[in-house]
Amino acid sequence: MKLGSTSYSRKLTLTGVFFILPVFLYFIVLYWYPLISAFVMSFQETIPGLELQFAGLKTYREVLADEDFWRSLVNTMLFAVQAVAADVLLALIISIALYNVPSASFRNVLTLLFVLPTLVSLAAAGFIWEWLFHPRFGLANQLLGLVGLPSLKFLQDENQVISSLAVINVWVRVGFSVLILLAGLQSIPDTYFDAAKVDGAKGLKLYWFITLPLLLPHLGAVLLLEVIFAVKIFDIVYVTTQGGPAGASDMLMLYLYNNAFRFYRIDKAAVTAVFIFLVLLAFGILQRRLLAGRRYEL
Amino acid sequence: MRQKIKWGVVLVLFVLAGGLTFAGGGQEAVAAAETVAIDFWTHWCSNNEYFEPFWVDAAVQFNSVHPEVKFSINLNCVPYEGYEAKYSSAFDVKKGPGLYTGMTHVWAGQFGVADPMPKDIADKMDEVLIGSAAPFGMYNGVRYGLPLEGGNFMMMYINVGLFKEAGLDPNKPPKTYTEMLEYAKKLTKYDSGGKITQAGYAIRYKGHPFGIADKSAPFYHAWGAEWLSWDEKKASGYLNSPEAVDALAYYAGLVQTAKVSSVDIDNPAGLFGQGLAGIMFRESWYEAWLLANAPDIDFKIYPLPSQKMESGYTNNFPWAYNVGNQISDTDKKWLWEMIRWYINSQDVRKEHYVKSVMLPAYNDIIDDPTFTNMKVFDAWKTMVAGRAAPTYYIPPAHEVLTIIGQATLDAMYAKGTPKAVLDKAAKDIDVILAKYK
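Protein chains in written order, with the working numbering: chain A, 9 to 306; chain B, 62 to 498.
Just chain A, with the same shape it has in the complex (with noise of 0.2 angstroms):
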């Protein structure tokens, strides 16, 4: 067989195909035949009897005047602002100290200590959070007193039990999102710190005007990810407060949950998806576009 004959780039094609046959098939049977139900369900009402039928706009009309809906919404952006916030901002504090470790042994060691709580299950991780944050025994109140300080309610108040919960998706996060910008401010040349020396910057201004504008794009992956992750948040929320107090911790896949397995509302449930999945995608091309051209080549 000849190269360059069709029958030999049919070969190559058919070859390519079957290699990534497996990862087609994955992604039709995960992702986009659950998907496209989803559409379809967020277009049908439950009936009594467990049916569906057909009801046009009328459960986005229901998910849309419904009070909890709305609530669980303005408390998942609450949440995801401020783990987002946390997670980013601490990321890039860690990864920077740690990129100046002198020892690349110690540098690792220390790396692992931040991505160990990674590899914790989020349902482990809400229930050591529950304990540790717990009112009267929870060593975060213990050691708030050792230093003078009130003790804190945590999960148990309307006002704080956000930003609780912020603290222990940060605590599960941050170790994977130094290990991206950590990579990213190795990959970048020496050759740039040095010649801003040279013209005379030193300290903050070589972090602003260098080491941040290069490490953008591991900036906005990270981003991306901590956003898609904190707006699908669910295991931490159902294993400690379950939405309380008094649904002042409800999160949009708590209400999809609830909806979709406790009362049986798969049209309320599917419409939900639907909005999520659309919300993300909607931030994903903003992102994109917004660091679009924004690879600086020094």
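Simulated from the structure, these hints should not be mistaken for lab results.
There may be inaccurate statements among the hints.
[Claimed, not checked] As a list, the in silico EDC-like pairs of lysine to aspartate or glutamate whose alpha-carbon atoms are at most 20 angstroms apart: (1) B:496 with A:138; (2) B:488 with B:304; (3) B:476 with A:75; (4) B:156 with A:70; (5) B:320 with A:165; (6) B:236 with B:307; (7) B:233 with B:243; (8) B:247 with B:230; (9) B:256 with A:59; (10) B:496 with A:70; (11) B:496 with B:293.
[Stated by the list, open to error] Computed spacing ranges between beta-carbons, pair by pair: (12) A:167 with B:225: 37 to 43 angstroms; (13) B:156 with A:39: 45 to 51 angstroms; (14) A:62 with B:394: 37 to 43 angstroms; (15) A:97 with B:352: 50 to 56 angstroms; (16) A:287 with B:446: 56 to 62 angstroms; (17) A:127 with B:203: 46 to 52 angstroms.
[Stated by the list, open to error] Now the stretches of chain B that chain A is said to cover, found in silico as 3 or more residues with beta-carbon under 8 angstroms: (18) 137–146; (19) 454–467; (20) 471–485.
Computed from a predicted model, the values in this text were never measured in an experiment.
Yeah, the Cβ is synthetic: ideal placement off N, Cα and C, and Gly gets one too.
Mind docking chain B on chain A? Use the hints.
For chain B alone, kept in the frame of chain A given last:
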């Protein structure tokens, strides 16, 4: 000729092979018993160590009576949190269990995945069931499941030690909710910052709103309120009646004004078990749990207080053993046969409840000293002789009670007045109930 011999040998070998197969298989078919393995799903394992595993042993006993079947039960302990998702996912793909613990009005009424009980078993159940347990396992007048326990309604648990410490007589429990409030004020302790460190009344504030609604129900009923009318398919006029508003004002007041209940320290079961609550309401199963997990707590159990009327006996979690209708006809036949054997055997049922130290749902074994000597017995007997409070065993119960629970929480956390939160809840429930007209 050679061809003919060859084909002749092949034919003979074929006939021999076929004969051997059928002969061997036939003998095998005559000797083999039917094999029936039933998957039993339950979320009650954590409530009692012996109650659910009993069914595995019961299957072994049943086998000895019915050697023509190899019957077994595979126990699957499902965590209570999220059990609805596991059940509904399995039923959705037609792979539901053969036997499962659940609320019949949901799984039969809403999901349609429970098998109706054969008439002879249902008739026997009517004969032997204690009155308070009779509605459990039923939907729309049809019996599907076996009730789990006879004391599945709330009663009043008091901490004897804390009562004495507060100068109260543990043998004289509060008879009315007004009295209970006075007792609770004496039982409550505060730290220097005014936070409750020992609750007079342990109030449910954590967990799913469905559970919050359930624990507040006796208060509504004692004030003469009902949550809804299923016949009329409406909650307005019932849930937001003046009686309901007064009941919720009292209940929320335990936290907000009287400050004898805390939404900080812990949920009732844990709090009472730690000796940090003077009074709490719970079902009869909690006695065995306390004895196993908090043996140092000296407690007594009394009937619930009254107010305008008796609180009455009722619950919103009428647990029953249901037979799934997605298993094969053979499996269903033998499972009902096993249940028939269980119901008709007083000794087996007595063994079940004696070993578990659980109050039985059956009147023909209730007089056993194991049960009459239980702390809960007298309170139970008094309450079942009294008022049967309203029940809400309707298909959309989860959704409806979640709304009521959320309204109760809103009042407890002062996010709205009792009237305002109940008006809103009633309106939301009317919309749900209208779908069932």
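Verification of the hints:
{"no.": "1", "hint": "B:496 with A:138", "result": "violated, 39 angstroms"}
{"no.": "2", "hint": "B:488 with B:304", "result": "holds, 17 angstroms"}
{"no.": "3", "hint": "B:476 with A:75", "result": "holds, 14 angstroms"}
{"no.": "4", "hint": "B:156 with A:70", "result": "violated, 32 angstroms"}
{"no.": "5", "hint": "B:320 with A:165", "result": "holds, 16 angstroms"}
{"no.": "6", "hint": "B:236 with B:307", "result": "holds, 18 angstroms"}
{"no.": "7", "hint": "B:233 with B:243", "result": "holds, 13 angstroms"}
{"no.": "8", "hint": "B:247 with B:230", "result": "holds, 12 angstroms"}
{"no.": "9", "hint": "B:256 with A:59", "result": "violated, 50 angstroms"}
{"no.": "10", "hint": "B:496 with A:70", "result": "holds, 13 angstroms"}
{"no.": "11", "hint": "B:496 with B:293", "result": "holds, 12 angstroms"}
{"no.": "12", "hint": "A:167 with B:225: 37 to 43 angstroms", "result": "holds, 39 angstroms"}
{"no.": "13", "hint": "B:156 with A:39: 45 to 51 angstroms", "result": "violated, 23 angstroms"}
{"no.": "14", "hint": "A:62 with B:394: 37 to 43 angstroms", "result": "holds, 39 angstroms"}
{"no.": "15", "hint": "A:97 with B:352: 50 to 56 angstroms", "result": "holds, 52 angstroms"}
{"no.": "16", "hint": "A:287 with B:446: 56 to 62 angstroms", "result": "holds, 57 angstroms"}
{"no.": "17", "hint": "A:127 with B:203: 46 to 52 angstroms", "result": "holds, 51 angstroms"}
{"no.": "18", "hint": "137–146", "result": "holds (count 4)"}
{"no.": "19", "hint": "454–467", "result": "holds (count 6)"}
{"no.": "20", "hint": "471–485", "result": "holds (count 4)"}
In this structure, the earlier hints numbered 1, 4, 9 and 13 are contradicted, and the remaining ones agree with it.
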